[in-house]
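Position chain B against the provided structure of chain A, taking the given hints into account.
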Amino acid sequence: MATLNMLHSERKPDKLRSLGILALNGMFDEMDAVGVLRQAAQDILPGDLAIVSSFGADSAVLLHLVAQVDPSLPVYFLETGKHFPETLAYVETLKKQLGLMNVIAIHPDPADIKRFDPTGELWETDPDSCCHIRKTEPLEPITEQFGGWVTGRKRFQTKERGVLPHFELTSDDRIKVNPLAYFSDADVNQYKIDHGLPEHPLFSMGYKSIGCAPCTSVVAEGEDPRAGRWRGLNKKECGIHFDFNGAIASPMNAAKFTLYKDGAFIADPFHAWEDGDDAATARYKHVPVTVFLANREAFLDNQAPLGLLVSPGEKIEDVEQDLSRFSSIAIKFPAFTDGRGYSTARLLAERYHYDGEIRAVGDVLQDQIPLMRRCGVNAFVVTHQPTREALEENRLPEVAIFYQPVGIAEVPVGTRPYLRRAH
Amino acid sequence: MYRYDEFDAAFVEGRTAQFADQVARRLSGELSEDQFRPLRLMNGLYLQLHAYMLRIAVPYGTLNSRQMRKFAHIARTYDRGYGHFTTRQNIQFNWPKLRDVPAILGELASVEMHAIQTSGNCIRNTTADQFAGAAADEIIDPRPIAEIIRQWSSLHPEFTYLPRKFKIAMTGAPNDRAAIRFHDIGLQAATNGAGDIGWEVWVGGGLGRTPMIAKLINSFVPNEHLLAYLESIMRVYNRYGRRDNKYKARIKILVHEEGLETIKGQVEAEFAEVRGGVLTLPAEEVDRITAYFAPPEFKTGTATKIDVAYESIIDPAYGRWLDHNINSHRQPGYASVTISLKPIGGAPGDATDAQMDAVADIAERYAFDELRVSHEQNLVLPHVAISDLRTVYDALVAAQLAEGNAGLITDIICCPGMDFCSLATARSIPIAQEIGRKFASAERQADIGDLKIKISGCINACGHHHVAHIGILGVEKKGGELYQITLGGDATENASVGKIIGPGFEAEQVPDAIETLVDTYIARRTSADESFIAAYRRLGEAPFKEALYGNA
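Protein sequence lines, in the order shown, are assigned to chains A and B. The first sequence runs 134 to 556 under the numbering used here. The second sequence runs 102 to 653 under the numbering used here.
In isolation and in its complexed conformation, chain A is listed as follows (with noise of 0.2 angstroms):
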């Protein structure tokens, strides 16, 4: 771990910042994935990214480009307990032929195992469940480790990949980067026959996309590729695709989560700042105003993750200069009926177009949640259980047309573009 530590410290995400998401995605050639890899390897995330493969039939493309990026990249191998034979005979051919240094196979918890899983055939009876003991459970602790993940999803597989970007900012900060985003399943089979990779061997067998043995299944010619995984059921992914904080299939563990962002409650990857927490070491802390101001230089040299936290009466001027520091701004409601908040949102989203994740904290109620997004805020920290059930199930009390222009988001409504407004 210690090595990890180390190299922690040499993450950029400043420098990812400065160049802004976008403009990342722009510099690129759509079908440039080497580039794309190599910019991610050696000059955004050096040493502080790795990969997880199914080790699937489309696999030997990415894995390919990590050996001619740098074969000591780690690559973790999700070994469910559930794959074909021919799938781990697969992972020793590719280890091989490409010279990849630094495959780890993760295993799950025995225990978890045990307990969800006596018969082994959770998989028939609740797949979500099934995925996430043995993917999305293993690989959180290893998540944690790294800044950036290198995928192998396209644009292509699904529909709701179609709009697949090379580099996503995920909303606990991390990089994930897709350098095959732009391929076409030609693209694929040809790059495949370019470099001579080994096809996995169910492949031919008319196996497009190869998860765990259980749940794959053949797919019919100018079928979705995908369409082979969880067939019959209404899941299109494992969980662990989707965000490495956890906005995926979670069900055993959903009640735990109290942050609520994009339509759904999520793992936090934030802690409240405590006694005792260093400024140059701390991680996903929301930090307080005063205590940032008192240690600023630190925080600055410290490249890890970080949060604000601003409370009633603390002036987001104060630190207007150094907001593109934090990647999460948390509002403190102490009492619902405190409004201060609103206007630091406001400012935070308008005056000084603060993108990142402003969060309200506090005594949040469905009955304030609308008026809040009106002012920019997009994260809710919520522990009241009306206020969760409904936002579950979209119904909070609101009003669904405005006299005001406030925010960002809204759209004048016919002719009166200085006052009225709808979402």
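Short, incomplete list of chain B residues facing chain A, as computed with Cβ under 8 angstroms: (1) Gly115; (2) Arg116; (3) Asp122; (4) Glu131; (5) Gln252; (6) Trp253; (7) Ser255; (8) Leu263; (9) Leu380.
Distance condition first, Cα-Cα at most 35 angstroms in a straight line; then the derived DSBU-like pairs of lysine-lysine: (10) Lys349/B x Lys316/B; (11) Lys309/A x Lys247/A; (12) Lys394/A x Lys266/B; (13) Lys448/A x Lys268/B; (14) Lys347/B x Lys448/A; (15) Lys365/B x Lys448/A.
Calculated from the structure, these hints are not laboratory results. Where is the CB? At the ideal position from N, CA and C, for every residue including glycine.
Chain B alone, transformed into the frame defined by chain A:
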């Protein structure tokens, strides 16, 4: 007057549905009273001594006969047959059932009315001169801008949980009939050097425990930038207004403690950021709204004068009504009529369902279907042809609404007091009733002339006693009620706060004490033309104090 378009209607409908959901959650127990309180208050629903009280906004005090009839219907159907008009130009119903409130709000929405922000720590109903659009002394009708402010401030997401309530009042005339210097923000029409009409902005006025006269923060803000300027003030107040003590949370305390120059600096800095932005008000939009408030089609060639002296001989009661309840109109041949809700022995500001229906009928037939509520708790027919005055008067007599006492000693502003209000520490309505009986003689009232008595049943000063010529404040003392008397307050452009003149009186002593003060004034005035407040200003408090408490 303003008519809702589809957007306005959808907005009120949305708000009604939202509140119905909140009421349902309260009735089901999902919401605790603590959680429900700020939500219901945001929609004008109070819990008083005996029951819920629903306060309905009458924006800038303007309404039509259809709306007034709806009030009558609500009074009859959901309440006990009457409503109470308030100093904020609103109406209150004192006995609605919680489960009926969504239905009442639905009824209101059908006539383009609502209870949005009639309470709670938000921007309340913007009030205006009750003679707006009619008064002879007016520079401009303030109601188009008041309507724009109503829209801008409705469910404003940033200013819904302010440190405390926030009240804006407007007048388009130099003679301030809207008490703008005793509001959080007062707007008075002004012209600049170029002859453009804009607004003087006064800030930090208020009554309550700590009465303050507003200070002029900007002597000319054009329409174009008014919303941006108001938003700047609101933001400074929302961020820096005190929240540690609810009695020190109004903007008047912020202005007082920080000083006008500091607040002005903060507001101007904020204004510099938002000025010219999305809140900029296009002239054509002001014109568009103004068109709704276009004057009615006045008839010409009818009588432009009425011989009050002659009428007084024929019918003294009618003569007195003409003397006191008529206000000069900008249009020759027309007058504004004050309908007094201060009958001798009645509860000030109350009207029955039958009276509301009668007023609606009169407005429809003789006043271009327009009505006003005044902050002095009376109703107004803004545009009545002088040739129709007698007919209107007779109709008012039939409805027992023809008391000719507007502006006189029995035209008393009075809060509901301990008969209704859970905050009150003393009764106020019975005091007003006793004073009314004491001075019931119409001749005597006329002889006394303009004299404003205002009564509050507690220190919160809803009865505006601080700005009365003679103010009465009921307080609790040693388990009983005691009434302090103040002198010299004035809510107009000559704003002043009354001073407590000495120890308080028992309830039954109050009418005699008032009589002593009045007699002192009558004895000392230079002529019948010198009003009470003018005489008080000339004489000082000494003769009044001596009359009340002796030489000791």
